[in-house]
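Going line by line, the protein sequences match chains A and B.
Once you know that position 102 of the first sequence is 102 in this note's numbering, the rest is easy, because the numbers rise by one and skip nothing.
Once you know that position 102 of the second sequence is 102 in this note's numbering, the rest is easy, because the numbers rise by one and skip nothing.
I should point out that these hints are in silico values taken from the structure, not numbers from a laboratory.
You can't tell identical chains apart in this list, so a pair holds if it fits in one copy or across any two.
Derived EDC-like pairs: lysine to aspartate or glutamate, alpha-carbon spacing no greater than 16 Å straight-line:
1. Lys175 to Asp161
2. Lys7 to Glu138
3. Lys43 to Glu54
4. Lys176 to Asp161
5. Lys89 to Glu59
6. Lys28 to Glu103
7. Lys89 to Glu26
8. Lys180 to Glu169
9. Lys154 to Glu169
10. Lys154 to Asp5
11. Lys152 to Asp5
12. Lys159 to Glu169
13. Lys75 to Glu169
14. Lys28 to Glu63
15. Lys78 to Asp161
16. Lys124 to Glu138
17. Lys124 to Glu63
18. Lys122 to Glu138
In this text, all values refer to a predicted model and were calculated from it rather than measured experimentally.
2 protein chains.
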Amino acid sequence: MNKTDFKGSVMLNPVPVVLVTSKNKEGKVNVFTVAWAGTVCTKPPMISISIRPERLSHEYISETREFVINLPSSKLVKRVDFCGVKSGKNIDKIKHLGFTLNEGINVSVPSIAECPVNIECKVKDIIPLGSHDLFTAEVVLNRVDDNLLDEKGKIHFEKADLVAYSHGEYFTLAKKPLGKFGYSVRKKR
Amino acid sequence: MNKTDFKGSVMLNPVPVVLVTSKNKEGKVNVFTVAWAGTVCTKPPMISISIRPERLSHEYISETREFVINLPSSKLVKRVDFCGVKSGKNIDKIKHLGFTLNEGINVSVPSIAECPVNIECKVKDIIPLGSHDLFTAEVVLNRVDDNLLDEKGKIHFEKADLVAYSHGEYFTLAKKPLGKFGYSVRKKR
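Generate the whole structure from the sequences, applying the supplied hints.
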């Protein structure tokens, strides 16, 4: 396998692509799209998102130190793209896109009702890295659409039709998984 | 849309799932699987991975402060699962799984030849969070399989058949993208 070398970028793919809601001290709410997001700790449950300092959401989240990660389903992807391109400085994206806001439970920031999963976060630390600041945050609540739950209360994420981002393009996941964690060593019954 | 609340976990999905190679001071090489990974900065290009302190790779990477992120294609997913379940303390996973190692270019750590993309990283910081330590790292080189490149040298990640991880299951991406970054505002020609 011959390979070619490239410098100066991050080729980690696929990554998540999520809608992040935030609120400033005056109560104004904004939404923007983040692909530089990841799970960073299991206990306590923690997430990180990276934000450019010039972004309006950077200002809002720095002020209140709270945000909500809203996982979009594939039918929302055009709106997701819009929220990544347009700035809340020039347009009220929530109003323009017709998003419904639900009040936060453990944070003051509202979540997007149309998204099947909402993850309420409280900022722990803000770490400047360069073009982006890294916000590490503790998850204080997950809200899951009842349509994803079976009778036993088990969550079926595959019903959420979530979206991944790979090298500048949005993708749904295949319908069927390749396998489940641990399947390589599980003994056949 | 009625929703149910859950505490105590991170429901960010999908996330990447990658093979991380590392090397200790004595030159021993290990590989393990990481899903708690993300892009954290564009300039300089930076990645983060989170590792439990009890992991052998935590020891190796802390010693040499270098690692390589190897993106697996779907045909490698059973081996990816194995590398997430089994510890290098008990088994030489690279030998057992028949991985071919390529020497590092800008790091001393080798990469996995069978993976279509290899991302060489140098650790910037190690931040304890709880169950996991967050390793932030600068990308010093990307190596891309020539089969992913077209005649103009453009990379076609869709040919890599990469894998996403969602709620404990491995998935390929759909063949066709839903859209490209910026498509929601692009004027039709």
